[in-house]
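Each chain is listed here by its residues.
2 protein chains.
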Amino acid sequence: MSATENSSPTPACSPDGRDPAPSLLVRAARGEQVAHPPVWFMRQAGRSLPEYRALRVGTGMLESCRTPDLVTEITLQPVRRHGVDAAIFFSDIVVPLQAAGIDIEIVAGVGPVVASPVRSAADVEAMPRLSAEQIPDITESVQRLVCELDGVPLIGFAGAPYTLASYLIEGGPSKDHARTKALMHSDPATWHRLLSTLADISATFLLTQLAAGASAVQLFDSWAGGLSEADYRAFVLPHSQDVFAAIADYDVPKIHFGVGTGELLAAMRDAGASVVGVDWRTPLDEAARRIGGTVAVQGNLDPALLFADWHVVEREVRRIVSEGRRAPGHIFNLGHGVLPDTDPEMLTRVVELVHSL
Amino acid sequence: MSATENSSPTPACSPDGRDPAPSLLVRAARGEQVAHPPVWFMRQAGRSLPEYRALRVGTGMLESCRTPDLVTEITLQPVRRHGVDAAIFFSDIVVPLQAAGIDIEIVAGVGPVVASPVRSAADVEAMPRLSAEQIPDITESVQRLVCELDGVPLIGFAGAPYTLASYLIEGGPSKDHARTKALMHSDPATWHRLLSTLADISATFLLTQLAAGASAVQLFDSWAGGLSEADYRAFVLPHSQDVFAAIADYDVPKIHFGVGTGELLAAMRDAGASVVGVDWRTPLDEAARRIGGTVAVQGNLDPALLFADWHVVEREVRRIVSEGRRAPGHIFNLGHGVLPDTDPEMLTRVVELVHSL
Numbered sequence: 001m002s003a004t005e006n007s008s009p010t011p012a013c014s015p016d017g018r019d020p021a022p023s024l025l026v027r028a029a030r031g032e033q034v035a036h037p038p039v040w041f042m043r044q045a046g047r048s049l050p051e052y053r054a055l056r057v058g059t060g061m062l063e064s065c066r067t068p069d070l071v072t073e074i075t076l077q078p079v080r081r082h083g084v085d086a087a088i089f090f091s092d093i094v095v096p097l098q099a100a101g102i103d104i105e106i107v108a109g110v111g112p113v114v115a116s117p118v119r120s121a122a123d124v125e126a127m128p129r130l131s132a133e134q135i136p137d138i139t140e141s142v143q144r145l146v147c148e149l150d151g152v153p154l155i156g157f158a159g160a161p162y163t164l165a166s167y168l169i170e171g172g173p174s175k176d177h178a179r180t181k182a183l184m185h186s187d188p189a190t191w192h193r194l195l196s197t198l199a200d201i202s203a204t205f206l207l208t209q210l211a212a213g214a215s216a217v218q219l220f221d222s223w224a225g226g227l228s229e230a231d232y233r234a235f236v237l238p239h240s241q242d243v244f245a246a247i248a249d250y251d252v253p254k255i256h257f258g259v260g261t262g263e264l265l266a267a268m269r270d271a272g273a274s275v276v277g278v279d280w281r282t283p284l285d286e287a288a289r290r291i292g293g294t295v296a297v298q299g300n301l302d303p304a305l306l307f308a309d310w311h312v313v314e315r316e317v318r319r320i321v322s323e324g325r326r327a328p329g330h331i332f333n334l335g336h337g338v339l340p341d342t343d344p345e346m347l348t349r350v351v352e353l354v355h356s357l
Numbered sequence: 001m002s003a004t005e006n007s008s009p010t011p012a013c014s015p016d017g018r019d020p021a022p023s024l025l026v027r028a029a030r031g032e033q034v035a036h037p038p039v040w041f042m043r044q045a046g047r048s049l050p051e052y053r054a055l056r057v058g059t060g061m062l063e064s065c066r067t068p069d070l071v072t073e074i075t076l077q078p079v080r081r082h083g084v085d086a087a088i089f090f091s092d093i094v095v096p097l098q099a100a101g102i103d104i105e106i107v108a109g110v111g112p113v114v115a116s117p118v119r120s121a122a123d124v125e126a127m128p129r130l131s132a133e134q135i136p137d138i139t140e141s142v143q144r145l146v147c148e149l150d151g152v153p154l155i156g157f158a159g160a161p162y163t164l165a166s167y168l169i170e171g172g173p174s175k176d177h178a179r180t181k182a183l184m185h186s187d188p189a190t191w192h193r194l195l196s197t198l199a200d201i202s203a204t205f206l207l208t209q210l211a212a213g214a215s216a217v218q219l220f221d222s223w224a225g226g227l228s229e230a231d232y233r234a235f236v237l238p239h240s241q242d243v244f245a246a247i248a249d250y251d252v253p254k255i256h257f258g259v260g261t262g263e264l265l266a267a268m269r270d271a272g273a274s275v276v277g278v279d280w281r282t283p284l285d286e287a288a289r290r291i292g293g294t295v296a297v298q299g300n301l302d303p304a305l306l307f308a309d310w311h312v313v314e315r316e317v318r319r320i321v322s323e324g325r326r327a328p329g330h331i332f333n334l335g336h337g338v339l340p341d342t343d344p345e346m347l348t349r350v351v352e353l354v355h356s357l
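Just so you know, the protein sequences line up as chains A and B, in that order.
Heads up: the first sequence begins at 1 in full-length UniProt numbering, then just goes up one per residue.
Heads up: the second sequence begins at 1 in full-length UniProt numbering, then just goes up one per residue.
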């Protein structure tokens, strides 16, 4: 792909940058009648696939996410193998932070590690912003994918402000997010400035993918489920709303997901999502009731159950599709990401089963 | 304490082995009118206290739990320091497993490690049972504590069958419990035999503590919150019910707790609990509504908030006490265990505040 093509907002092979005819994913997200739900899997592009592991040998995670050849191939792998109804852009929650200039790495067996954690008003003031010019590779990867996918929708990806903040404040993964919650409650002014900065970075990352032709987005708030609804609404929701407001002009499915968010489903809808992701703890019909029956749901097979016998998986998939039919739109997915040791054959069989129902 | 005293079912200093006058804990658990809720903290005996860290130098966790001098002193430390309304018996979920003869250790920085994980019908058949004769030290520790506590109730402690099973099947801590869930669903017969065996071990451990004079019990199902309610009811509840049924003759508060169990609160009541513990994700008044208003609740200050400024902690404690007054009985506690780096002074101030409300 030439530099000229890179600078174009949309790829040559799809002039409007979106599906010419609405895809199954888009129709389900809109609550239209569909024969069966669309199906994709969080982390479908990744370690469960031997072809992914082979491709990643010798290349670090963040480097992989910034290399269009790798991003394109890794994003396409599960589409080819499983026949899923959407591709999820291969990236990582911390990619836009690193691209903005924050010193952050992904350490194998640990996760993201931040060189200088952000814990004071001065730390927040010193934070860089992200501009689209810093991520031409993201534009290139998305444009190439939209061409290669030939009508299969590409879901853009970003981490939500709260989850990004938790990594920056803790300095890495945390079980209890004690420093994050302490800052949130003890210094709300600094907290809100930090989340506002991060909302801007998330929005820029999503806008870049949408401008390049992504057909949908998912905003991941991985750790929001550790918050009470009151704290979520006071300290997190306004900033997630800002992210969704920044992309409101794009008429695409806007998926919002966090694990363990049974108490937060209505609040996450209020962020501006058109699809709310649900983990396996809350049945989809109950989730739709809590959300108020106004937006679609996504989920929610327990990824651990893919290690059980097929008859168990089949029974659970049928139950979930049935419960999803009582929601105003359903996108079939797991209730969290594919576990690394998952047998990919199980995923392929789930896709075939969902398509047969 | 002599061998003769050891063999006595109740200590000399408290003939009936229970509080002569019902304690604040017992009265709150029964839903009686109390001036303020009783307060204790999960993991109040442990790493947050410098006197605990000093005492533990050179002694492994499980050895500490089997040494009456240490158990007694460690259990008493937070009662002396904080003035809490109950002591929690210092132990570990895997103590009864090791006492029964299972090769299990606690590795610093890792958690419980099982030498030979339990994954087949033959593994389950080969499992040992626990008899009271294998844990005379537990009887001695409880008897000594009941004397020393001088009316402050002692809460007995055991891990619930599901959580014990998860350690035995996974071989150690696990984020996703994939092997546990796979066995549960793929081989229900083996699963139920395993949980039945573990219910027997849990019950023996609790009965030993009750016979020695404990005034209440808490059954911890640490990982139950990773299950859907349907799976919990089908695969876990019958065995937790067996544990509570085994101790039904003791008219004491029977507390049942797991983290992230907002969807399971009514099911955990159905196990036979008289008090349901609630984490910080679900407000206590909403928890009482889900439980059906028939039993008391325990909780639910987010332990991470103890790292925030005091004015934040004070506001949260007042809110929780206020919400707890709309439940039929409330025992103030955290929503999970005390984090190791917690400033113990914060815990003391929380006790003083709750007692002033």
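Possibly wrong hints are sitting among the right ones.
Identical chains share a label here; the pair holds if one copy fits it or two copies do between them.
Claimed, not checked - Computed list of lysine to aspartate or glutamate pairs in EDC-like fashion (alpha-carbon distance at most 20 Å, straight line): (1) Lys175 to Asp343; (2) Lys175 to Glu286; (3) Lys175 to Glu229; (4) Lys175 to Asp285; (5) Lys175 to Glu345; (6) Lys175 to Asp103; (7) Lys175 to Asp123.
No lab work stands behind these hints, which were simulated from the structure alone.
Next item on the list: Sort out which numbered hints this structure fails and list those numbers smallest first.
Entry: 2, 4, 5, 6 and 7
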